[in-house]
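Sequences are here, hints too, so could you generate the full structure?
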Amino acid sequence: MRPTLDMEDYDVRSAASIMASVKEQEARFEQLTRALEEERRNVTLQLDRSALPPNTPTSQPLAWQQVVMQHSAAERGWLPESELLPLRYGGKTPLTLTRKA
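Using this note's numbering, the letters of the sequence shown map in sequence onto residues 1499 to 1599.
Since the hints were derived computationally from the structure, they do not count as laboratory data.
Glycine included, every Cβ here is placed at the ideal spot set by N, Cα and C.
What follows is a list of derived Cβ distance ranges for each label pair:
1) V1541 - A1518: 30 to 40 Å
2) L1543 - S1519: 31 to 41 Å
3) L1550 - A1514: 47 to 57 Å
4) Q1523 - Q1544: 26 to 36 Å
Okay, structure coming up:
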């Protein structure tokens, strides 16, 4: 009867190992799916922008265009300095644009 217990123990460990592997694969699949969807959105946006005639403003300005527009608005007094977008250079150093004294 002892070999049966060993086989049952092996089956339980094997089943647990398979379940762990399946969960890891599911998590990886979800991660890849999210990355694929993000890439699909980026490509669609690029295609939409490339279909516009040259010198046509886009409905979604690039980040640097938003900053320039906000800075110009703040200089003209249309936008309080507190509403300026903080910038990140290389994802490391936070910067905030302010009006010159």
